[in-house]
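Assemble chain B onto chain A, guided by the hints.
2 protein chains.
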Amino acid sequence: MKVLKIVLDTSLFVNPDARYLFGQTPKSAFSNFLDALKSKKNIHCYIPPSVYRELMKFVEGGLPSQKTILINKKPPSSYDSAIPALFVYEFIEEFRMRINKGLRIGEKYSRKALHASGSNTKEEEIIKHLREEYRVALREGIIDSKEDFDLLLLARELNAHLATSDSGLIEWAQKLGIPCLSAQELKELLSNCA
Amino acid sequence: MKVLKIVLDTSLFVNPDARYLFGQTPKSAFSNFLDALKSKKNIHCYIPPSVYRELMKFVEGGLPSQKTILINKKPPSSYDSAIPALFVYEFIEEFRMRINKGLRIGEKYSRKALHASGSNTKEEEIIKHLREEYRVALREGIIDSKEDFDLLLLARELNAHLATSDSGLIEWAQKLGIPCLSAQELKELLSNCA
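For the record, the sequence lines run as chains A and B. The first sequence begins at 1 in my numbering and counts up one residue at a time. The second sequence begins at 1001 in my numbering and counts up one residue at a time.
Hints are not guaranteed to be accurate.
To be verified - Taking lysine to aspartate or glutamate pairs in the DMTMM-like style, the calculated list, with each CA pair at most 20 Å apart, reads:
hint : chain 1 : residue 1 : chain 2 : residue 2
1    : B       : K1108     : A       : D80
2    : B       : K1175     : B       : E1157
3    : B       : K1108     : A       : E132
4    : B       : K1128     : A       : D17
5    : B       : K1101     : A       : E132
What the hints assert, rightly or not - Where chain B lies over chain A, by a calculated footprint (3+ residues, C-beta under 8 Å):
hint : region
6    : 35-44
7    : 60-67
To be clear, the hints were calculated from the coordinates, so they are not data collected in a lab. Source: prediction; values computed, not measured. Note that beta-carbon positions come from the ideal geometry of N, C-alpha and C, so glycine has one too.
Chain A on its own, in the form it takes in the complex:
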């Protein structure tokens, strides 16, 4: 049987929507995943060290090396890689749109705060809602960290699948021709593959 290469994102073990397939907590989800992976000779899993460090923040006390060694902690060869210029164009356009959205949100909450004067509106309540709305508008569905980009580069370099439940990663992976696997698909693979 053909070997299947898979790059793993933290979202699989951290996001509650995906994690429940593998375990209750990030630690048990990751640990159960490793147990299931152990006997699968044809599934090779990789994770960039930056993403592994992120995952370990959620895995209290860590896991024994003889288990975690099952996953190849390979960084992408970023000094040798190039990205199509069109990807960068789309990136710039996306950020430009998001930045404009961010300003509209700042304006909305400034007006709201001004009109709330005299009422009982609490400052921290306004700031909390501003932060939440800004985060969703500017961060969701976008590649906004080194870790996200490491995942894309590594999957591309290895001609691997990217296993993730992050909609932003999926969208940008598709632009680069990277096949994705959902948490559900990954779980089924582990149950059925040799």
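Below, chain B alone, put in the same frame as chain A:
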């Protein structure tokens, strides 16, 4: 004498700080530049069509084709180009920082508005300052448009100099190994070259 290839940015003819070297208005600055360029056999000037369209918005009534034909309106070959992955990493990091700054500004003005309640602070005054501060923090010194990226790609593709007075363009051009010319240097070249 060696031919010098130069890619032109609008800032040279539009930004008052650079424009004054060539003329009073964008139209006269660009027109005077073209007059000076006419006899220079060893200076070849290029401009991406997207950037040329931007420039034409500032040149009322346009200029005759026999003048503007002096500049080669060449788009970058963006379907054939690739960008080093490290450039994209820096890009993502830069945007991430800017987006965080944007939120801090939104928070600052929301708090300000709340505390201004009852006073005579005008809504439009607050919004005006918010917009200005946000624009400077999120837009200045960054590549945030297709046009900016066209300039970088074209200069890189042609092994040309990029003539600009935009600090963001200069910074990102340097990361890609593109030599830059200031408006002053461009003016001197036109005065002294054959």
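Per the coverage rule (Cβ-Cβ under 8 Å, at least three residues), is the region 60-67 of chain A covered by chain B? violated (count 0)
Examine the region 35-44 of chain A for residues whose CB is less than 8 Å from any CB of chain B, and state whether their number is three or more. Coverage by chain B is violated for the region 35-44 of chain A (0 residues, Cβ < 8 Å).
Does E132 (chain A) sit within 20 Å of K1101 (chain B), going by the straight-line distance between their CA atoms? holds, 15 Å
Would the hint linking K1108 (chain B) and D80 (chain A) be met if the CA-CA limit is 20 Å? Since the Cα atoms of K1108 (chain B) and D80 (chain A) sit roughly 42 Å apart, the hinted pair is violated (cutoff 20 Å).
Is the hinted pair K1128 (chain B) and D17 (chain A) satisfied, with a Cα-Cα distance of at most 20 Å? violated, 42 Å
K1108 (chain B) and E132 (chain A) were given as a pair; does the straight-line alpha-carbon distance stay at or below 20 Å? holds, 15 Å
Mind checking the alpha carbons of K1175 (chain B) and E1157 (chain B) for me, to see if they're no more than 20 Å apart? holds, 15 Å
The earlier numbered hints that this structure contradicts are 1, 4, 6 and 7.
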